[in-house]
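*Asks:* Whenever a hint applies, use it, and build me the whole structure from the sequences.
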Amino acid sequence: MTLAEQEKRFQEKIDNEIKIEPNDWMPDAYRQTLIRQISQHAHSEVVGMLPEGNWITRAPNLRRKAVLLAKVQDEAGHGLYLYSATETLGADREQTIDDLHSGKAKYSSIFNYPALTWADIGAIGWLVDGAAIMNQVALCRTSYGPYARAMVKICKEESFHQRQGYESLMVLCNGTPQQKAMAQDALNRFWWPALMMFGPNDAESTHSEQSINWKIKRFTNDELRQSFVDATVPQAEILGLTIPDPNLKWNEERGHYDFSEINWDEFWQVVKGNGPCNKERIEARVKAKQNGLWVREAANAYAKKRAMKKSA
Amino acid sequence: MQQPALFEYVLRMADDSLILGQRLGEWCGHGPILEEDIAMTNISLDLIGQAISLYDLAAELEGGGKTHDDLAFLRFENQYKNVLLVEQPNGDFAMTMLRQFFFDAFRKPLYEALCKSPITQLAAIAEKSLKETRYHLKHSSEWVIRMGDGTEESHQRAQAAIDHLWRYTAELFYEDTIDEQLQAQQQVPVLKEIQAAWMETVKAVLSEATLVLPTNNWKFEGGRQGRHSEHMGYLLAELQYMQRAYPDMQW
Amino acid sequence: MSNTEWPLWEVFIRSKQGLNHKHVGSLRAPDATLALENARDVYTRRSEGISIWVVESSNIHATDIDEVAEFFEPSDTKIYRHPTFYEVPEGVKHM
Ligand SMILES: [Fe+2]
Ligand SMILES: [Fe+2]
Ligand SMILES: [Fe+2]
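Heads up: the sequence lines are chains A, B and C, in that order. Sequential numbering from 1 applies to the first sequence in our numbering. Sequential numbering from 1 applies to the second sequence in our numbering. Sequential numbering from 1 applies to the third sequence in our numbering.
Because the hints were derived from the structure by calculation, they are not lab data. Hints may be right or wrong, so weigh each one.
[To be verified] Computed list of chain A residues with no C-beta within reach of chain B, every gap over 12 Å:
1. Asp24
2. Ala76
3. Pro200
4. Ser227
[Stated by the list, open to error] Cross-link-like lysine to aspartate or glutamate pairs, in silico, EDC-like; alpha carbons within 16 Å at most:
5. Lys305(A) x Glu26(B)
6. Lys304(A) x Glu48(C)
7. Lys309(A) x Glu26(B)
8. Lys156(A) x Glu56(C)
9. Lys287(A) x Glu26(B)
10. Lys304(A) x Asp149(B)
[Stated by the list, open to error] Covered stretches of chain B, going by a simulated chain A footprint (3 or more residues, C-beta under 8 Å):
11. 38–44
12. 135–147
13. 196–207
14. 238–249
Virtual Cβ for every residue (Gly too), placed ideally from N, Cα, C.
*Replies:* See the structure below:
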């Protein structure tokens with residue numbers, strides 16, 4: 001079969017909603033796009049453990065401590081499922097992680113913002129996991145089988161993440177004036193970074209069109225961002241919180257909320273490494289890997305010794 | 001309070017679980033590999049769950065209408081009665097796993113014995129916690145063996161952790177009038193018996209791990225009486241931060 | 001594989017008595033014992049299983065994608081292996 005024929009066959013499968021599996025023929029660019037996107041997603045899950053993990057030791061009561069631990073632990077699991085998906089494409093986990101540490105690979109910029117107060121933990125669950133879910137639900141039907149299956153599992157687990165965050169903010173909003181102010185402050189700081197999570201505007205997005213054709217992505221950045229705003233505004237109203245955007249208003253004609261332009265300078269600066277916590281986040285992950293080196297080595301050495309004893 | 005000795009006994013157990021769970025929680029996001037990060041978080045979650053059940057029981061015994069959170073968050077340092085072992089800093093993975101191993105090897109026979117306690121609420125907690133603890137001990141033992149019999153570096157790190165932590169292990173078997181009262185009524189086990197089981201586990205695992213018991217048997221204690229190490233203040237500063245900074249609020 | 005990277009394992013879980021073990025994903029572990037423990041922690045946090053199998057990924061042999069036609073298509077034409085191939089008069093029960 002010629003390359004052109006293979007490509008045609010591949011696109012037919014995609015068009016007929018037939019999933020692509022690890023050993024199937026696929027265009028090299030499809031493979032590379034997937035490795036880039038899935039590993040970026042995996043890194044986001046793992047780096048995403050850090051801002052929230054930062055509050056585990058300070059959680060205000062035992063129930064919240066357990067919930068937060070379980071939530072952050074889930075994110076480690078999500079990272080792991082996704083690294084596994086990249087490994088089915090021939091990418092090695094260790095290499096993938098080294099690319100994160102060297103700055104070659106990206107992760108979601110939202111995690112470069114600091115979690116300053118307990119209300120931030122609520123806001124992260126509500127807004128950040130909320131935005132992630134918006135993305136991830138769309139990805140459950142992505143064309144690459146292992147990625148789609150990982151997303152299905154992840155979405156099932158994510159459902160409690162957003163709820164626990166919202167519930168926690170609800171308690172603050174029904175609490176003392178200090179607590180309510182803390183919640184409003186968290187929303188003020190996380191609203192715009194959450195909207196940035198959907199990536200650049202469609203016009204600016206370099207990978208979008210091809211990814212849509214390959215059904216890696218099923219909705220554009222702007223479509224998902226709009227759905228998120230539409231879903232979130234009424235939730236903020238129930239909390240009694242004000243979304244920090246003077247131009248936010250319902251557009252009867254479009255059937256959607258209008259909102260202000262995102263500060264794209266800030267977006268690109270944070271992507272390029274100039275966010276408030278980029279350096280700390282990567283440092284923490286590099287340190288974890290380095291400190292774990294002798295542990296992983298030891299376990300391998302032990303396994304080798306045991307195997308030798310067995311065969312001797 | 002009708003049963004002050006039992007209250008104190010349960011509180012000691014609850015504090016052990018909480019403080020060790022708190023320490024393990026510090027690893028979340030920083031483990032040596034994702035798989036182990038998840039494993040340590042699971043142990044931490046089990047311990048916090050045990051702490052909740054034990055504080056609930058303690059609060060009931062105290063009868064003052066306190067909640068598990070009041071007990072967990074709103075005492076002064078000298079009112080926490082955990083052993084010094086569990087408050088020791090995480091150090092490297094060897095220090096964390098050896099600390100865990102020494103504790104699990106103690107908790108398992110303790111829970112086994114408490115399953116038979118006539119205090120039904122305590123027996124019920126012991127039964128549920130025993131399953132969790134068996135798994136913790138299995139996991140920490142596996143790691144002690146792999147580190148001990150792994151590379152030269154891992155062997156040295158594991159041995160260093162044993163040599164450092166050894167001084168805190170005797171306190172696991174600390175007994176005073178609280179224990180004696182309850183033992184006299186056969187409500188709780190004699191710790192000498194637990195210690196024998198503990199020693200057996202420790203010896204078996206360390207020998208498989210090619211690690212050795214320290215010869216210096218100088219011991220530290222004080223936690224059970226509320227006299228802690230310098231590390232405890234910092235641990236509590238984080239643990240209690242929200243409750244202290246925002247008194248009397250619901251979260 | 002570097003000496004600090006652990007081998008890859010495939011994880012299969014029986015979700016309840018009476019069902020097959022089903023592939024759920026993979027993970028890294030230095031040996032079978034820890035692979036089982038890691039699988040328990042990673043894949044059964046919400047009571048998803050009552051039994052776990054782990055198999056080192058390098059031990060799995062798979063059909064070749066280039067042989068799909070000769071492997072699987074011949075059975076497509078043998079429709080007489082399916083009960084719906086046969087007609088049974090109306091009124092015949094328990095068949
Ligand atoms: Fe996430
Ligand atoms: Fe996640
Ligand atoms: Fe999440």
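*Asks:* Does each hint hold? Answer for all of them.
*Replies:* Checked hints:
no. : hint                  : in the structure
1   : Asp24                 : holds, 28 Å
2   : Ala76                 : violated, 5 Å
3   : Pro200                : holds, 28 Å
4   : Ser227                : holds, 30 Å
5   : Lys305(A) x Glu26(B)  : violated, 32 Å
6   : Lys304(A) x Glu48(C)  : violated, 32 Å
7   : Lys309(A) x Glu26(B)  : violated, 37 Å
8   : Lys156(A) x Glu56(C)  : violated, 27 Å
9   : Lys287(A) x Glu26(B)  : holds, 14 Å
10  : Lys304(A) x Asp149(B) : holds, 11 Å
11  : 38–44                 : holds (count 4)
12  : 135–147               : holds (count 3)
13  : 196–207               : violated (count 0)
14  : 238–249               : holds (count 7)
Hint compliance for this structure: hints 2, 5, 6, 7, 8 and 13 are broken, all remaining hints hold.
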